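Engineer: Here is what each chain is made of, one letter per residue.
2 protein chains.
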Amino acid sequence: MFTGLSAFPLTPFTADAIDERAFTGLIERLAGSGADSITALGSTGCYSYLTTEERARVARLTVRHAGRTPVFIGVGALRTSQVLANVRSAEVAGAQGVLLAPMTYQPLTADDVFELFRTVTEQTSLPVIVYDNPRTTHFTFTTELHGRIAALPRIASIKIPGVPSDPEQARGRVQEIRGVIPEHVTVGVSGDALAAAGLNAGCDAWYSVIGGTLPEPALRITRAAQEGRRADAVAESEHLAPLWALFSEFGGSLRVVAAIAEHLDLAPHRSLPLPIQGLNDEQRRRVAEVIRELGLDG
Amino acid sequence: MFTGLSAFPLTPFTADAIDERAFTGLIERLAGSGADSITALGSTGCYSYLTTEERARVARLTVRHAGRTPVFIGVGALRTSQVLANVRSAEVAGAQGVLLAPMTYQPLTADDVFELFRTVTEQTSLPVIVYDNPRTTHFTFTTELHGRIAALPRIASIKIPGVPSDPEQARGRVQEIRGVIPEHVTVGVSGDALAAAGLNAGCDAWYSVIGGTLPEPALRITRAAQEGRRADAVAESEHLAPLWALFSEFGGSLRVVAAIAEHLDLAPHRSLPLPIQGLNDEQRRRVAEVIRELGLDG
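Line by line, the protein sequences give chains A and B. So that you can map any letter, position 254 of the first sequence is 254 in the UniProt record's numbering, and since no number is skipped, the others follow by simple counting. So that you can map any letter, position 235 of the second sequence is 235 in the UniProt record's numbering, and since no number is skipped, the others follow by simple counting.
Any given hint could be a false lead.
Computed footprint of chain A on chain B, listed as stretches where at least three residues anywhere in the stretch have a Cβ under 8 Å from a Cβ of chain A [to be verified]:
| no. | region |
| --- | --- |
| 1 | 42-49 |
| 2 | 86-93 |
| 3 | 249-258 |
I should point out that these hints are in silico values taken from the structure, not numbers from a laboratory. Computed from a predicted model, the values in this text were never measured in an experiment. Ideal Cβ placement from N, Cα and C applies to all residues, glycine included.
Based on the provided sequences and hints, a complete structural model is requested.
Structural biologist: Dropping the structure here:
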């Protein structure tokens, strides 16, 4: 279940409230796309900005509108008790897994993070995806810590922040992680620009930002890699290079993907929670131009 | 009002709930200490880990138990609407100022942060302290952004993360900030080990971690610097060097100060919110030893 393309939808806001119509529209679009799973309330889903109640609501809406597509729910929060509340609401909603990032305000130690995962895996029967995202959590997993955590019961997958772009080094990195984790734990790449490299290097899954809004091109990359057509996967990814360039230039994928969803009328204007203002008009024009050039606006 | 020693109390927890008896004990201790103000729900007060309701409760308790000492309340949160809710509860409680850090999960732009401060200053009549703490927020203020924000109405003070340890360079840094902000906006140093350097370099205030738990030695440093006894301020700070060394060695001031409060029976055992586990037994023994050597356990 923790393989292939996991699509990370946005959680669109209108006037500081979740836009449920836009959100369920995104989920239904993904359910019909052939994505292997939907992960709601990832970083792209702005999980950390939502209240516990809003998160329970999003979990319910996702499961209700995802059809037969497995649903994973992001449960990270600054305080362990809040994480556990999110885990319970994911269980109640009928999710098939949870995604847990060690959010920080005060820097955490490796033991703090291990104990967090130990506590959560003790208190849920759901499979847990370890979310390693140093750019937003500012916590850096060592390979050794990945090994300690992956040995806990119910750990199902590790979402790694990327791989080196060099194919040899990428394989080495994936093998290094596999060397310290049980065989049943899958490795999923994130960082969309590195997805083809990660899948070609042996990652089992792609935890995908772009897949949540533009599932078709993400599926082309994923299926090519899964079928051993490595060059095709790379070519499909290189075709999207103008998009990856915007991710770099505009400070990450979130603002760009929100602008894409807004441009395609999948989300209302200014759909990100404040204080994140999203892209300015000139940046939005550039995003729209790239989407048109890539034929993704049809 | 935004000058001298502002003491930052811990918010002690017992079984994942605020320990109100311990907290009000800390506040009453500070009210009787001669500290110039109390800032509850700073980073030391674990503001980011508390719910909106818990924060309203802490604001009320602080004002109720602070006597005549002015109270400032930390209002930072990831989402602007949550910040505004915290501002309102600080107003209702009767606080005399609010402290606002630009918390991040997704990295924020300078414009995001400016708009956050503009929105808050538009919607409150309370003075606002700008909280510049890159270690926990991972947002770095430029001097230019400090100038833009300080020009907003109701900005009263800037809490800077420290100054260079060299006195000449420290003066230069404080002058650089003063050069871009209105005269009525005070500059307060934080980073306890650099407080004497900051005050001697012309900072008006010390936003103090240690002052929230051990106000006496913090007041000795502050009064010496305010009275122009620069060498005395430095000597008082150097006397506490073993404490500053523990801050460095044990990953910051919070865990050490919590261990001190627990050792002095000002807070219950394991008073930090999980997943922050606090110091281990061996580290706690070292903290207790330093406190005894410095004569701070009496």
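Engineer: Look at each hint and say if it fits the structure.
Structural biologist: Cross-check of the supplied hints:
{"no.": "1", "hint": "42-49", "in the structure": "holds (count 4)"}
{"no.": "2", "hint": "86-93", "in the structure": "violated (count 0)"}
{"no.": "3", "hint": "249-258", "in the structure": "holds (count 3)"}
The earlier numbered hint that this structure contradicts is number 2, and it is the only one.
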